[in-house]
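Peer 1: The chain contents come next:
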Amino acid sequence: MAIELNGKSYETDEEGYLLNLGEWNEEVAAFLAQQEGVNMTDQHWEVITFLRDYYNEFQIAPAVRVLTKAIGKKLGPEKGNSQYLYELFPYGPAKQACKIAGLPKPTGCV
Amino acid sequence: MTTKKFMFVNRKAPYGTIYAWEALEVVLIAAAFEQDVSIAFLDDGVFQLKKGHQTKDIGVKAFEKTWGALEDYDVTKLYVAQESLAERGLTADDLAIPVEVLSRADIGKKMEEQDVLLSF
Amino acid sequence: MLHIINKSPYDRPALDSALQTGEGGILFTEDGVYAIAKGGAAEAKIKAAQGKFKFYALGADIDARGLSDRVMEGISVVDYGGFVDLVAEYKTNQSWL
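Residue numbers (the working numbering), protein chains in the order written: chain A, 1 to 110; chain B, 1001 to 1120; chain C, 2001 to 2097.
FYI, nobody ran anything at the bench for these hints, they're computed from the structure.
Certain hints may be false.
Stated by the list, open to error - Straight-line alpha carbon distances no greater than 25 Å define the calculated PhoX-like cross-link-like pairs of lysine-lysine that follow: (1) Lys1061/B <-> Lys95/A; (2) Lys1004/B <-> Lys69/A; (3) Lys1051/B <-> Lys2038/C; (4) Lys2054/C <-> Lys2091/C.
Can you make the complete structure from the sequences, with help from the hints?
Peer 2: Below, the structure is given as structure tokens:
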């Protein structure tokens, strides 16, 4: 499968996750968000950036419990809770945010 | 959910086979389900923890970075067999993360305490 | 003959078997490169055989396993091009499974 966007093609797996992490850019992120029905705000981008940094550091996409805890540590407790993250990404912060961030499906997410 | 004691027994060198990476994935999955997870490194499994993996030229992900995430997953019980390190000319200082170095016999005792043992 | 060994000497006896074949070259690749790490139990076996065998190891596999700072003496580290040259240089070669 692939996404066609502004004359460029981005390969994805059958669930719509980008296959090549390096191809990610804000344009394709916005497109993926739109497909997920997510209206991107600064708060959404903050989580996306956090996830990409986490992946660069540890080479994995964190499971939701881990994501919540790690965000709490870095961005404060008012953001490090599942209610806040589910409001931003209703179909699962790890799953949906990872897709928009161009990461693979989180390990431990079935 | 009932919590069980899971021990993952890692006995294979990294990269030559996919076992080591698969083991790490299952560890993370079990931990994400809030199970009581520990990992034992024996035999060539101790090589997985060696510092300084530079995998660019063989085109695979290096383990070293992901070991750092174990703490976020509350996986802190890492046991390494003393005899296996010694046979390979390694000490705890050669490893990428802090671990508990135990004799094989003591690792055997830890195994006895588990509900589930999974071997990789 | 060039022997190509890609299994850890601590896991499989391929190195021991190859050393018993007489003389020639031994190229370590993949997990085979653990044989040439200083301080390991395989080091002595290689030292003892250095009169009869020439030893080579693939650099990319050494780097991947974090061993670049502990390669023992008397080992020629080769790149992928060197690997091909070795296979061409020896009359026969054998990959140990």
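Peer 1: Decide, hint by hint, whether the structure agrees.
Peer 2: Against the structure, the hints:
1. Lys1061/B <-> Lys95/A: holds (22 Å)
2. Lys1004/B <-> Lys69/A: The given pair, whose Cα atoms are some 22 Å apart, holds under the 25 Å limit.
3. Lys1051/B <-> Lys2038/C: The hint holds at about 15 Å.
4. Lys2054/C <-> Lys2091/C: holds (15 Å)
Hint compliance for this structure: no hint is broken.
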